[in-house]
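Colleague: This is what each chain is made of:
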Amino acid sequence: MKKKIIVIGNGMVGYKFCERLKEKDTDNQYQIITFCEEPRPAYDRVHLSEYFAGKSAEDLSMAKLEWYKENDIEIHIGDKASSVDRVAKTVTSEKGLTLEYDKLVFATGSSAFVPPVPGVDKSGVFVYRTIEDLDDMMEYAKDCKTCAVIGGGLLGLEAAKAAQDLDLETHCVEFAPRLMPRQLDEAGGTLLKDIIESRGIKVHLNKSTKNIAGDGKVTAMEFADDTILEVDMIIVSAGIRPRDEVAREAGLTLGPRGGILVNDSLLTSDPDIFAIGECALYEGMIYGLVAPGYQMADAVAEQLVGRDASFEGADMSTKLKLIGTDVASFGNIEPQVPFKELVINDPHSAIYKKLVVTEDGKTLLGGILVGDADAYGNLLQLYQNEMVLPEDPMQLILPASDGSAPGGAGVSDLPDSAQICSCESVSKGDICSAIEDGACSISDIKKCTKAGTGCGGCMPLVTDLFKAKMKESGVEVSNALCEHFDMTRQEMYQTVRATGIKTFDELLEKHGKGTGCETCKPAAASIFASTWNVPILEQPSLNDTNDAFLANMQQDGTYSVIPRIPGGEITPDMLIIIGEVSKQFGLYMKITGGQRIDMFGAKLHELPEIWKILVDAGFESGHAYAKSLRTVKSCVGSTWCRYGVGDAVGLAIRVENRYRGIRSPHKLKSAVSGCTRECAEAQSKDFGIIATEHGWNLYVCGNGGMKPRHTDLLAVDLDEETLIKYIDRFLMYYIKTADKLMRTSTWMDQLEGGIEHLKDVVINDSLGINAELEAQMEHLVNTYECEWKNAINDPEKLKRFKHFVNCEDTDETIEFVDERGQIRPASHEEKKQLVEV
Amino acid sequence: MSNEWISVGKVEDFCKDLGGCVKVDGKQIAVFNVKEKSEWYAVQNLCPHDNRMVLSRGLIGDASGTPKVACPLHKHNFDLKTGEHVSEGDVDDLTTYPVKVEEGTIYLQMV
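In order, the protein sequence lines correspond to chains A and B. Under numbering that gives the first Met the number 0, the first residue of the first sequence is numbered 0, with each subsequent residue one higher. Under numbering that gives the first Met the number 0, the first residue of the second sequence is numbered 0, with each subsequent residue one higher.
The reader is advised that the hints may include incorrect statements.
Listed below are the simulated DSS-like cross-link pairs for lysine-lysine, each with C-alpha atoms no more than 30 Å apart in a straight line [to be verified]: (1) Lys74(B) <-> Lys99(B); (2) Lys36(B) <-> Lys602(A); (3) Lys88(A) <-> Lys54(A); (4) Lys26(B) <-> Lys602(A); (5) Lys94(A) <-> Lys144(A); (6) Lys788(A) <-> Lys15(B); (7) Lys26(B) <-> Lys36(B); (8) Lys34(B) <-> Lys501(A); (9) Lys15(B) <-> Lys666(A).
Counterexamples of contact, computed for chain B against chain A with all Cβ distances above 10 Å [unchecked claim]: (10) Asn2; (11) Gly8; (12) Asp12; (13) Leu17; (14) Trp39; (15) Thr81; (16) Val98; (17) Lys99; (18) Gly103; (19) Gln108.
Note that these hints are calculated values from the structure, not bench results. The C-beta atom is built at its ideal place from N, Cα and C for all residues, glycine as well.
Full structure from sequences and hints, please.
Modeller: Given below as structure tokens:
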């Protein structure tokens, strides 16, 4: 007969206890029963605000109902355990169920603490705790414009973020003189307030709410200093209260201010009853973080399977992202021993960092990081393992001069006992043995050790450790392109240039092995093009999806067609040609972000016909399908604009025509603005040019896409000749040294010496290669040929431009539907006819 | 099901180290050659990841010597010999078809 364990409460900690016990109970001696008062099983409350950002309740769930079934855990959803009879050893639920237990675990968690302010019962006052709370808030917020959050601590700021996500004008009201009073000092709190206010949340400090006004519904908050804040809605997030009412009824000993009293074994005053998580009071302390809760769950599960385990308090170190800002604190920032403080306070960059070290500067006692908490993982390890600090501990928090991560203890210096993941209690040793046992990816490590599956804060450290370990064992340290070439892209580029090799077959035979793959073939094709500038369809088997057919493949296997429109300047006649072609072939039309026109829905066999018409009319390939120059966007410049100081369109056309078709490691975008108002957005481009009173400023290595980056200023007030010379050098240096598929922005981020180094190379010729770079560019410019013009005159190249090799049929699985007067691909559901395989 | 060998074109109709799509009994089959037309493979043209008729337009190559095709849409890789999906993610395997070359003509068996 199995022993019965009843777990009251199915929150994160209750769930974690079930999971841990199930894992440890290999003899299957326990039957687990758990009560869950909420309508769904445990979910990730730490990331609750992501519910507003679009995550579903399901996304947040810790485990699906099937998990409980598979693990033979009896879960009573939507039923609250309402009383415990300690003599009969039974639990009775609200729905009238009475079940016996051998051991009982309280994991009832906490509820929001609502201060006893008159008016808190008015409608429009919410707490921020459960998915239901969030649903209610969303509903109510529909008619609201402003919202105040009571509480400027961790939870309060989370709630403020949620209110902002609801498009409400948000106020954060804190009783203490600073934000996060428990974790931050005055300077850190001040900076955090500045950052948060700059993100549009108004912060009110030293405010004690004396009344919530309104006739049934909230309309305003009245403070003790007689000021008033008009609001439509209030979220109370001022702290937590342990849920101890059932324990109290059952006669268990509670703390003077609540909380179920537990000892080192997490036993309550009844030897068969444990309490874990936020309902448990250990040495006068309620632990409101998930990591200590998990540690308690683990300790109880250990004891139940007969092993020694105890809870000895937990570290309250924490790192979070609050309203887009990193905030972390660890250790003791006001220690009882003599100490020194090392502080960086840079309001300009919005960074505050403080380290508290022993008087001799050798041991780290605690610290605070606001604005940039990248160093948290390392610092926490130094602190927890009491490691000896480097000579100048300031180096630990100073940004490194080359832009790389701050120095300090690398993961390899950590002892094996160092705890990497505190949520799941995973040590460095655990992760290392997982790797030695064959875990060969980060996801493997997460799977077999559970590291990083709680708050996720340790992931950078796990990744570093994985890389270091892999390097140690000689696995995957090589930056080889792929299994066929034991060289980097840069090395392949040098090889091709130095040897004069012009075909993939020769390159493979002399420097590689096997038959190649979708990684090395396009890389080689790009390098051949960057070096010899031969039309890419000369070696068709190397070209990736888009290059293979000189067009961009869309989701349904059709293509889009973009002719080049240099600088975005186009005559009515040319515009009419595009319109006519589009009409003739029934294409969908859209203006692109790069000031040109995209035509979608062309079938493979139509591409040569379409391009024949376009080329005959004087259009050229726009290379929208290629890793090469896309467009040079421009404003109208001094030609028309009242403010323009330079001819932006003229220069844009010259620049676009100069660099068109040049294959590079990744795509290149450019823009020219006619004045400092910067309407062409040149500072977000791979290279951007802005007119000045005295010439042109050249900016490089910007990006507006996935990871936006503003350009760096390379040179000012250039005449056009010098400007072009600098761009030639810059582009060729990038082509020479970047990795495959590396945009200029990423290239700059990892370029040793950064912009200063690039200036030195491009302007001062510090490497002595400028003559070479210019000659290489000159060759590319002089050998330019429109790929489409070349292709439509070469039957061999057009051989693949038909859907079937053995007949003239077209692909009948392509279907369009009408939308806003144009075509779009039919969805799978819309396709009535079944696709036969 | 027939064991009949069906002609789907001449060797010169296909580009070296590439794929081409052929239509047999209304079905779309992707035919690939590797090592300069010395080895031939045939699989369904439909990529089962997003159900599009595009595989014949994918790049081919090998993984540890085993020939493979990478779908041009999302780079899912399939073993050309067995049709097995060899990338990450849960995607069905491909149907493969026997293929042979006789006197410059490519034949498929629709079994």
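Colleague: Hint by hint, which ones does the structure fall short of?
Modeller: Hints 3, 5, 11, 12, 13 are the ones this structure does not satisfy, whereas the remaining hints hold.
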